[in-house]
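Colleague: Take a look at the letters that make up each chain.
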Amino acid sequence: EPEVTQTPSHQVTQMGQEVILRCVPISNHLYFYWYRQILGQKVEFLVSFYNNEISEKSEIFDDQFSVERPDGSNFTLKIRSTKLEDSAMYFCASSEGEFSEAFFGQGTRLTVV
Amino acid sequence: KQEVTQIPAALSVPEGENLVLNCSFTDSAIYNLQWFRQDPGKGLTSLLLIQSSQREQTSGRLNASLDKSSGRSTLYIAASQPGDSATYLCAPKPMNYGGSQGNLIFGKGTKLSVKP
Chain A
1 EPEVTQTPSH QVTQMGQEVI LRCVPISNHL YFYWYRQILG QKVEFLVSFY
51 NNEISEKSEI FDDQFSVERP DGSNFTLKIR STKLEDSAMY FCASSEGEFS
101 EAFFGQGTRL TVV
Chain B
1001 KQEVTQIPAA LSVPEGENLV LNCSFTDSAI YNLQWFRQDP GKGLTSLLLI
1051 QSSQREQTSG RLNASLDKSS GRSTLYIAAS QPGDSATYLC APKPMNYGGS
1101 QGNLIFGKGT KLSVKP
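Protein chains in written order, with this note's numbering: chain A, 1 to 113; chain B, 1001 to 1116.
No wet-lab data here; the hints were simulated from the structure.
Treat the hints with care, since some could be wrong.
Result set (DSS-like, lysine-lysine): computed pairs, CA atoms no more than 25 Å apart in a straight line [said to hold, decoys possible]:
#	chain 1	residue 1	chain 2	residue 2
1	A	K78	B	K1115
2	A	K57	A	K42
3	A	K78	A	K42
4	A	K57	B	K1115
5	B	K1042	B	K1108
6	A	K57	B	K1111
7	B	K1111	A	K78
8	A	K57	A	K83
9	B	K1108	A	K57
10	A	K83	A	K42
11	A	K83	B	K1042
12	B	K1115	B	K1042
13	B	K1068	B	K1108
14	A	K83	B	K1115
15	A	K83	B	K1068
16	A	K57	B	K1001
17	A	K57	B	K1042
As the structure is a prediction and not an experimental result, all values here were calculated from the model.
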């Protein structure tokens, strides 16, 4: 069964460093998303991406964040200068259509020290 | 702004029981609602997607209902098993999110424990 794949599963980084989280969405999906979940809290929307551009972003997704689809299969989330409060589980998701079922990856646990 | 509440926050039942998890949302203008399960430290597994025009959706032992006008959804699990132990999340997709097509808004979840 097709699945969303995220790498790495766990990343530890020093405050102020740049990190890139990688995702391979399901191959025929057109809509891509990043969500995050701080430990013990709700899953929160960050950004949605369609047709090679951001279609929606939350107030969390400030200038420190960027997304890219560098080729036909990968979808990345970059955090330019990490802060302690960026520590969270980051989930990538994809869907075939705008109102279709969203499938999530297993997440990347980001720890900023 | 859409707010999602899930009751109860935690539930412990003996194996074999039928159970109902509740989800309420404040803005009834939604495209659809999705139910997920999350195992500790893991990703989200999609269980059911119910469109705003639908009243029910079934998959195996799971049945989700949606009453959009009252802002409620329920997830019914029949004949629960220890393997059903997980946190269950509901997530409506609102029509009104910053004027765009919307995204999933999550509740805090119901942590289910099924005892053998």
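Colleague: Now, for every hint given, state plainly whether the structure supports it.
Modeller: Going through the hints against the structure:
Restraint check for K78/A and K1115/B: the C-alpha separation of about 42 Å exceeds 25 Å, so the hint is violated. Between K57/A and K42/A the CA atoms are separated by roughly 17 Å; this keeps the pair inside 25 Å, and the hint holds. Proximity of K78/A to K42/A is assessed by CA-CA distance (about 22 Å); at most 25 Å being required, the pair is judged to hold. At most 25 Å may separate the alpha-carbon atoms for a hinted pair to count; K57/A and K1115/B exceed this at roughly 41 Å.
With a CA separation close to 15 Å, the supplied pair K1042/B and K1108/B stays within the 25 Å bound. For the suggested pair K57/A and K1111/B, the alpha carbons sit about 29 Å apart, so the restraint of at most 25 Å is broken. For the suggested pair K1111/B and K78/A, the alpha carbons sit about 32 Å apart, so the restraint of at most 25 Å is broken. Taking the CA atoms of K57/A and K83/A, the gap is about 19 Å. The hint holds against a cut of 25 Å.
With a C-alpha separation of about 21 Å, the suggested pairing of K1108/B with K57/A holds against the 25 Å cut-off. Between K83/A and K42/A, the direct Cα distance comes to roughly 19 Å. Compliance with the 25 Å bound is thereby established for this hinted pair. The hinted pair formed by K83/A and K1042/B meets the criterion: a straight-line CA distance of about 23 Å does not exceed 25 Å. A hinted pair counts as satisfied when its Cα atoms are at most 25 Å apart, and K1115/B with K1042/B qualifies at roughly 21 Å.
Restraint check for K1068/B and K1108/B: satisfied, since their Cα atoms lie roughly 20 Å apart, inside the 25 Å limit. A distance of roughly 41 Å separates the Cα atoms of K83/A and K1115/B; the hinted pair therefore is violated under the 25 Å criterion. The straight-line distance between the Cα atoms of K83/A and K1068/B is roughly 39 Å, outside the 25 Å bound, and the hint therefore fails. For the hint pairing K57/A with K1001/B, the CA-to-CA distance comes to about 15 Å; that is within 25 Å, so the pair holds.
With a C-alpha separation of about 24 Å, the suggested pair K57/A and K1042/B falls inside the 25 Å cut-off, and the hint holds.
Of the numbered hints given earlier, the model fails hints 1, 4, 6, 7, 14, 15; all others are met.
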